[in-house]
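Place chain B on chain A using the hints.
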Amino acid sequence: MSTLTQLQVGESVTEIQLDPVSRMDLIKYSGASGDFNPIHTIDEEAKKAGLPGIIAHGMWTMGNLAKLFTAYYEEGFMKDYSIRFKGMVFLNDVIKLKATLKEKQDKNLRFTVQAVNQQGNEVLKGEVLYQQY
Amino acid sequence: MFKEQIGKQSNKVKNVVERGAVKKFAEAIGDFHPIYFDEETGRKSRYQTNIAPPTFPRTFDYGDIEGFNLPNKGLIHGEQTFHYERPLKVGEEIFCYSKVKNYFEKKGNFGEMGFLILESFGEDAEGGLIFSSTSTVVISEAVRKVLVK
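Going line by line, the protein sequences match chains A and B.
Numbering-wise (my numbering), the first sequence opens with residue 1 and increments by one.
Numbering-wise (my numbering), the second sequence opens with residue 1 and increments by one.
This is chain A alone, in the form it adopts within the complex (with noise of 0.2 Å):
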């Protein structure tokens, strides 16, 4: 396992493309979070919002993210994780997760994040402060 020490400014830790996004996907985020809001699950209630499907829920895509980091565990933790949504996420999207190291400051490792669909267009953006132990 590598490790975010070694990780220099302006480098990135590995990317990850998720598979595309399916309903069932979006059935156990709902499940699993406690947020049944419809317009992640169903079709008619998605248009009735005025929206042409079903979206993701930003949390789904936010928790995603956050797997960039899960392996380094004994490293440090995520001490601030802040996140701006802007834009949707449909069915069949193909989104990729990322981060760059911005800023170090002794055992604070300052990321931007973001997280963009096959268009290239971004879904989400922010920030990790990553604290090293």
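These aren't lab readings, by the way, just hints derived from the structure by calculation.
One or more hints might be untrue.
Said to hold, decoys possible - Derived lysine-lysine pairs resembling DSBU-like cross-links, with alpha carbons at most 30 Å apart: (1) A:K28 to B:K73; (2) A:K28 to A:K104; (3) B:K89 to A:K96; (4) B:K12 to A:K28; (5) A:K28 to B:K14; (6) A:K125 to A:K79; (7) A:K98 to B:K89; (8) B:K73 to B:K44; (9) A:K28 to B:K23; (10) B:K23 to A:K125; (11) B:K73 to B:K106; (12) B:K12 to B:K89; (13) A:K96 to A:K107; (14) A:K79 to B:K44; (15) A:K67 to A:K104; (16) B:K107 to B:K12; (17) A:K107 to B:K89; (18) A:K98 to B:K14; (19) B:K8 to B:K107; (20) B:K99 to A:K86; (21) A:K48 to B:K73; (22) B:K89 to B:K101; (23) A:K125 to B:K106; (24) B:K73 to B:K3; (25) A:K98 to B:K23; (26) A:K47 to B:K14; (27) A:K125 to A:K98; (28) A:K96 to B:K12; (29) A:K102 to B:K73; (30) B:K89 to B:K24; (31) B:K12 to A:K79; (32) A:K86 to A:K104; (33) A:K67 to B:K8; (34) A:K125 to B:K44; (35) A:K125 to B:K89.
These numbers come from a predicted model, not from an experiment.
Chain B alone, transformed into the frame defined by chain A:
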């Protein structure tokens, strides 16, 4: 409508970081790392137990804020933050509550939008902070009209 709720907060509710709930949540975000569910990996880690993913506090019960009701439709999740003093450990009790931090309205592309900022907290039994989070919820003009009725 939400302005007069600023500063109001809920009573603390005891939550448990349940093993099964953590596993289910980790699976739902496609994070199959054993630190979230394999007992031996947890035991051998610096935490000596399994931990929960950073966005897991989404599942907690934060109690009700008196007189404060959010519709379950027509809301847009604009921003979200989490702050941690340390990771959440499986099996521990967390005392959670929420607070209406701010509400303001702004003219946007879709008319007058409402911005509601909710702040949530998770503490240990002694009242020490473990995590806090803020959610910015955007409420469209159309939805606000329905709420006023």
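| task | Could you tell me which of the numbered hints above are not met by this structure, giving the numbers in increasing order? | result | 2, 8, 16, 18, 26, 28, 29, 33 and 34
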